[in-house]
Amino acid sequence: MTEFFHMGGYAAFVWPSFGITAAIMIAIVIDSWRGFVRERDTLDKLQSQRTKRKPS
Amino acid sequence: MVSLHKFANPARFVRMSSALLPWMVGMSAVLITVGLYLGLFVAPPDYQQGESMRIIFVHVPSAWMSMFIYSGMAIASATGLIWKHPVADLLAKASAPVGAGFTFATLASGSLWGQPMWGTWWVWDARLTSYLILFFLYIGYMALWEAFDDPQRAGKAAAILALVGAVNVPIIKFSVDWWNTLHQPASVMKMDGPAIDSSMLVPLLIMALGFTAFYGAVVIVRTQREIMARKVRTLRMAQVQA
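Protein chains in written order, with numbering that gives the first Met the number 0: chain A, 0 to 55; chain B, 0 to 241.
Isolated chain B (complex conformation) (with noise of 0.2 Å):
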């Protein structure tokens, strides 16, 4: 809890990630390209699935940043609402619009994906209904943000969805061994080791670890002008007293 308190001081968290972001989208661009290029060159085809299991390099890094992004949207609502931590509901807020994104590529990459390996564009099942339910999540989170005229009623109202919605996240995640899903199995984070191929497994992580700078550096810039936003409300606000 005492690390959190160095980035309570909007001052200090914009210094910070001031700092950070260069990092972040350099990170990014590098492992990124660095992960397409392996993905889509040298990764050999699936025997089953051929080419098309190249779009497992999107899927899956988008599908892993809609959880990670929301768990973290949680945590941050958690953090705001119990420690009164100002910068943190900005986090969630900034965090949003990136998740719901993420979430949506991976409908599509995942419909794309089903319609020639599974024949249909999209089916009911546990899996991809609770990962439905994500989206509209983070649709319904971030449309409460805007249906306040106090931030701060909107933030709190957002935060108390945010956390509510939290279950959902591991149930898409243990919906395919609680449920029977069309969906296939974990095949990465599973309690014996993955089990797939380096030559598969390999840029699928870079490609993690890319899409996770990419979050990184958006959600600086978006947190420091939510930030910026929030002197410009207080500046107004102390014009119009004045």
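With the rest of the complex left out, here is chain A (with noise of 0.2 Å):
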């Protein structure tokens, strides 16, 4: 187990580099989501204040 975790030396290389890889790509998924939610929220009250507006 420790073998594995040591990459034959080269942890201090193998590790950050997956490590790195694997922080851009969730950072990229929370922006993602966060941003289309907040989009999401203002669209539907911006469209909802439309609907009260016009008497039906």
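Some hints could be false.
As a list, the in silico DSS-like pairs of lysine-lysine whose alpha-carbon atoms are at most 30 Å apart [as the list claims (entries may be wrong)]:
1. A:51 / B:230
2. B:172 / B:189
3. B:155 / B:230
4. B:83 / B:155
5. A:44 / B:230
Read the hints as simulated data drawn from the structure, not as lab findings.
Two chains, each in its own frame: build the complex with the hints.
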């Protein structure tokens, strides 16, 4: 198990490579999702304001 | 061109992409998990590079994604400019941060690989230099979208940059053939087939597919967000005029 983490002495290079790539991809997912939710909520609010103003 | 018209309607794009989204998410999760398992536990170490060669399983898929995404952005930009396709420029805008992220990941993992293997974090050879320019093109593209008040003008300017920068993609690809580079020559996409053992090639291709599905999922969410943002702007302008 420790041999696996040791990566033949290259641990300091291998794990940060995987870590940085993973961190970037996770950050992209979080940013994408939060932006989507924010915009969807704003749109819903604006659309409900419009329907309130239009008496049917 | 007929098929492009299907996506020209933003509402239809949202419907179709929403149906695709769970598949993209599922495929990326499965493929990346399998690819990581094969790459970290099954693939043997390289006889020269030892365990450091495992960096290939994030470095190369990231690099492929950054070039694939930029090429897609250039095509989408041309489509938006020429045919005024209403979703194309939003697709390109949505893709840019993802491509920039993969470019950064490639640069970082490449440096981390270069230091133990080449004895240097960086070298100004043709491959690395043209690739750094790709990163600057992504940043410039994203900056142009923010530089104008009018999103139409912003989109046009960004599209022109994307198209002008597209010449960099074949330069990156062929740089290792055209110039004497420290970065190794092509070993996968060559005229006479891959020069890489299947024990490495299979996890590499699986990771590349997984990253592609990841990009598909993320770009769907981001493009739908851009479509909604445009509706918000339209509604706000209508409110101001009312």
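Status of the hints after comparison with the structure:
A distance of roughly 18 Å separates the Cα atoms of residue 51 of chain A and residue 230 of chain B; the hinted pair therefore holds under the 30 Å criterion. Taking the CA atoms of residue 172 of chain B and residue 189 of chain B, the gap is near 11 Å; set against the 30 Å cutoff, the hint holds. A threshold of 30 Å between alpha carbons decides the hint, and for residue 155 of chain B with residue 230 of chain B the separation of about 19 Å falls inside it, so the pair holds. For the hint pairing residue 83 of chain B with residue 155 of chain B, the CA-to-CA distance comes to about 10 Å; that is within 30 Å, so the pair holds.
With a CA separation close to 12 Å, the supplied pair residue 44 of chain A and residue 230 of chain B stays within the 30 Å bound.
Checked against the numbered hints listed earlier, the structure breaks none of them; every hint is satisfied.
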